[in-house]
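K.L.:
Listed below are the residues making up each chain.
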Amino acid sequence: MSRMPSPVNVPELSKVDQDRVAQAGIDLAMKNRCGSYLQMDQDIVQAECSQQGIEVLSFKKAMEKYDGLKEYMWKAVSPDKDDITRYVAAQKDPKGYVIIAHKGSNNILPIQACLYLGREQIQHVHNIIVAEEGAELHIISGCTSGAHVGKGGAHYGISEFFVKKDAKISFTMIHNWSENIEVYPRSASIVEENGVFLSNYVCMQPVKKIQMYPTATLKGANSVARFSSVVISTPGSYMDLGSRAILEGKGASAELITRAITKGGTIISRGHINGKTAGTRGHLECKGLILNDGIIYAIPEIEGSVVGTELSHEAAVGKLARDEIEYLMSRGLDEDEATATIIRGFLDVKIAGLPEALQRQIDASIDVAEKAGF
Amino acid sequence: MLHIEDLHVKVGDKEVLHDINLHIEEGETHVLLGPNGSGKTTLLMSIMGFANYTITDGKIIFKGEDVTKIKAHERAKRGIGMLFQRPPTISGLKLGKMLNAISPGKKEMIPELAKSVNMDKFLDRDINKGFSGGEIKRSEVLQLMIQNPDFVMLDEPESGVDLENISLIGAAIGSLLEKDQHLIKRKKSGLVITHTGYILDYLDADKGHVMCDGEIKCHGNPREILKDIKQRGYKECLECRHQ
Numbered sequence: 457m458s459r460m461p462s463p464v465n466v467p468e469l470s471k472v473d474q475d476r477v478a479q480a481g482i483d484l485a486m487k488n489r490c491g492s493y494l495q496m497d498q499d500i501v502q503a504e505c506s507q508q509g510i511e512v513l514s515f516k517k518a519m520e521k522y523d524g525l526k527e528y529m530w531k532a533v534s535p536d537k538d539d540i541t542r543y544v545a546a547q548k549d550p551k552g553y554v555i556i557a558h559k560g561s562n563n564i565l566p567i568q569a570c571l572y573l574g575r576e577q578i579q580h581v582h583n584i585i586v587a588e589e590g591a592e593l594h595i596i597s598g599c600t601s602g603a604h605v606g607k608g609g610a611h612y613g614i615s616e617f618f619v620k621k622d623a624k625i626s627f628t629m630i631h632n633w634s635e636n637i638e639v640y641p642r643s644a645s646i647v648e649e650n651g652v653f654l655s656n657y658v659c660m661q662p663v664k665k666i667q668m669y670p671t672a673t674l675k676g677a678n679s680v681a682r683f684s685s686v687v688i689s690t691p692g693s694y695m696d697l698g699s700r701a702i703l704e705g706k707g708a709s710a711e712l713i714t715r716a717i718t719k720g721g722t723i724i725s726r727g728h729i730n731g732k733t734a735g736t737r738g739h740l741e742c743k744g745l746i747l748n749d750g751i752i753y754a755i756p757e758i759e760g761s762v763v764g765t766e767l768s769h770e771a772a773v774g775k776l777a778r779d780e781i782e783y784l785m786s787r788g789l790d791e792d793e794a795t796a797t798i799i800r801g802f803l804d805v806k807i808a809g810l811p812e813a814l815q816r817q818i819d820a821s822i823d824v825a826e827k828a829g830f
Numbered sequence: 005m006l007h008i009e010d011l012h013v014k015v016g017d018k019e020v021l022h023d024i025n026l027h028i029e030e031g032e033t034h035v036l037l038g039p040n041g042s043g044k045t046t047l048l049m050s051i052m053g054f055a056n057y058t059i060t061d062g063k064i065i066f067k068g069e070d071v072t073k074i075k076a077h078e079r080a081k082r083g084i085g086m087l088f089q090r091p092p093t094i095s096g097l098k099l100g101k102m103l104n105a106i107s108p109g110k111k112e113m114i115p116e117l118a119k120s121v122n123m124d125k126f127l128d129r130d131i132n133k134g135f136s137g138g139e140i141k142r143s144e145v146l147q148l149m150i151q152n153p154d155f156v157m158l159d160e161p162e163s164g165v166d167l168e169n170i171s172l173i174g175a176a177i178g179s180l181l182e183k184d185q186h187l188i189k190r191k192k193s194g195l196v197i198t199h200t201g202y203i204l205d206y207l208d209a210d211k212g213h214v215m216c217d218g219e220i221k222c223h224g225n226p227r228e229i230l231k232d233i234k235q236r237g238y239k240e241c242l243e244c245r246h247q
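If you're matching them up, the sequences are chains A and B in order. Using our numbering, you'd call the opening residue of the first sequence number 457 and step up by one each time. Using our numbering, you'd call the opening residue of the second sequence number 5 and step up by one each time.
The hints are simulated quantities; they were obtained by calculation from the structure and are not laboratory data. Beta carbons are placed, not taken as given, at the ideal position from N, Cα and C, and that holds for glycine. Check the hints yourself; a few may be wrong.
Said to hold, decoys possible - A few chain B residues that don't get close to chain A, going by computed Cβ distances all over 12 Å: (1) E9; (2) G62; (3) E69; (4) P115; (5) G137; (6) I170; (7) H186; (8) R190; (9) L204; (10) D205; (11) D217.
Unchecked claim - Okay, derived cross-link-like pairs now, BS3-like style, lysine-lysine, Cα gap no bigger than 25 Å in a straight line: (12) B:K133 with A:K775; (13) B:K183 with B:K110; (14) B:K101 with A:K806; (15) A:K607 with A:K665; (16) B:K211 with B:K63; (17) A:K775 with B:K75; (18) B:K98 with A:K719; (19) A:K827 with B:K111; (20) B:K98 with A:K775; (21) B:K221 with B:K14; (22) A:K827 with B:K98; (23) B:K98 with B:K110; (24) B:K98 with A:K806; (25) B:K125 with A:K806; (26) A:K827 with B:K81; (27) B:K111 with B:K133; (28) A:K537 with A:K665; (29) A:K775 with B:K101; (30) A:K827 with B:K110; (31) A:K827 with B:K101; (32) A:K827 with B:K75; (33) B:K133 with A:K806; (34) B:K125 with B:K98; (35) A:K806 with B:K111.
Stated by the list, open to error - Not everything, but these chain A residues come out facing chain B in the computed CB check (under 8 Å): (36) E780; (37) E782; (38) Y783; (39) M785; (40) R787.
The following block holds chain A by itself, in its conformation from the complex (with noise of 0.2 Å):
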């Protein structure tokens, strides 16, 4: 039997911070959400689960538990990909969240972890999620800093997934940073057999820069990857953003779909698909609307080494059409009510198999930006 979860306590954040931790999507009277992971800087706040076979532990914990997370730890990122990589991987006391979807388990209510950044020069994470055998595991990442960080700071995350066969992982990431904050999440997923890995990242708040390119490598025959990404650049923003798909596996398909607008804010927006098998299909698609001038850069990029991979990709980068509003001014909508309308259904991307609970926290998110006037 599952046990409630309990409310996060967390009495030290002021009203703002607790609306902006919110507003990432993390929920701290736990109502939706069976689990629960808080790190305030490099403190752990909370780390626990109420549904049965399925782990919340820090980092720290999960090794000792664990043997040292010896099957896991930098299986899918290389400890010497970059200075971000190596910085965490020479922690002497690694922070982080270590989830786990026993063989079977599943969770209807999705686990929430949040990463707060308050005082702190560098927060630093390493993530393990894994869903054994059968399980299927929801998580939504509410990644924030709080109104006040001055000084500013930066992030450093690493996220390894581990999909085994025929499990099923969605992650879904709100960041709601600063306009002084950098954010450098590092993060690959491996898929076996029939395994599928769901990647959503939200991010319609400004931020200093953020760089990050996730990728899965899709091993098992039929494993699926869907990645989605829905962005707002504001001035002073700097978005290098990716995601890229290695289909192995004979069957394995992958998706990654972007919307990006820039109000004045920089968005490269990278993806790759690697087809390296036969019977494997891949698309990319991203579109890029400019509101004020400001940079889209899209690289979309495929790659097929077989006979019998298929890739597509389209991208475009406009302006809002004229012709769209007035068509729906004829219908009764002010000129911004009508722009509005559109960039709204411009940023409404449906995942297929997401659970219902998550898809309203991404429109949640994209309602506050419609109503700050995007």
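The hints should help you fit chain B onto chain A, whose structure is shown.
P.N.:
Positioned in the frame of chain A, the structure of chain B alone reads:
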């Protein structure tokens, strides 16, 4: 309901409509005929208030108010509505979401109205994306049903539509124009562009006008004008006795 006086309209640098005069009473439906490129759609877009259609002279009076200079959404709010011949596709925007946005306070009516024009399965589809000719027109009619305008402009409602759909669309448009009500009770007015005249079976139009080269050249009984056009083409129609 609608009174147009000495209207001149430019699209880009070119004057497309010259000295248009038109008067449509409450409860009346008029038909606008004319060859391709004669300016019929331009007139409808100008009445709707689209920014690319610059009114250089003349007036559009709607329900006694000069609406010549107000924006499209204000005209829509005052009761002007339009069925587009080729509406744009809006990627990502679902038809249902759009109907919600344009109908505050009427959301509960959407499923039933959608069903009445066989569009209930399209509410989760991007507007006009991959829609057939008939589906586009049914979507347009549905939007107008939600809007419920007092003055309905219809730009070739039957083009690209099969016979079965014409019957459905015609009946819905007839209802929008209150054709199911007794003559003296009708308050809604309409202006319809048609080439084939099929839609007239459902509309019971009161007057017809023929437009050519940006001018209204002829007025009269719509069925008679259409018959003349079908028999002799536009050339003789433009020289007809109704001028």
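K.L.:
Each hint needs a verdict: does it hold in this structure or not?
P.N.:
Now the hints, each set against the structure:
no., hint, result
1, E9, "holds (22 Å)"
2, G62, "holds (21 Å)"
3, E69, "holds (17 Å)"
4, P115, "holds (19 Å)"
5, G137, "holds (18 Å)"
6, I170, "holds (23 Å)"
7, H186, "holds (29 Å)"
8, R190, "holds (23 Å)"
9, L204, "holds (24 Å)"
10, D205, "holds (27 Å)"
11, D217, "holds (25 Å)"
12, B:K133 with A:K775, "holds (19 Å)"
13, B:K183 with B:K110, "holds (23 Å)"
14, B:K101 with A:K806, "holds (14 Å)"
15, A:K607 with A:K665, "holds (15 Å)"
16, B:K211 with B:K63, "holds (21 Å)"
17, A:K775 with B:K75, "holds (21 Å)"
18, B:K98 with A:K719, "holds (24 Å)"
19, A:K827 with B:K111, "holds (20 Å)"
20, B:K98 with A:K775, "holds (19 Å)"
21, B:K221 with B:K14, "holds (19 Å)"
22, A:K827 with B:K98, "holds (19 Å)"
23, B:K98 with B:K110, "holds (17 Å)"
24, B:K98 with A:K806, "holds (11 Å)"
25, B:K125 with A:K806, "holds (17 Å)"
26, A:K827 with B:K81, "holds (23 Å)"
27, B:K111 with B:K133, "holds (23 Å)"
28, A:K537 with A:K665, "holds (19 Å)"
29, A:K775 with B:K101, "holds (21 Å)"
30, A:K827 with B:K110, "holds (22 Å)"
31, A:K827 with B:K101, "holds (16 Å)"
32, A:K827 with B:K75, "holds (24 Å)"
33, B:K133 with A:K806, "holds (16 Å)"
34, B:K125 with B:K98, "holds (11 Å)"
35, A:K806 with B:K111, "holds (22 Å)"
36, E780, "holds (5 Å)"
37, E782, "holds (5 Å)"
38, Y783, "holds (5 Å)"
39, M785, "holds (4 Å)"
40, R787, "holds (4 Å)"
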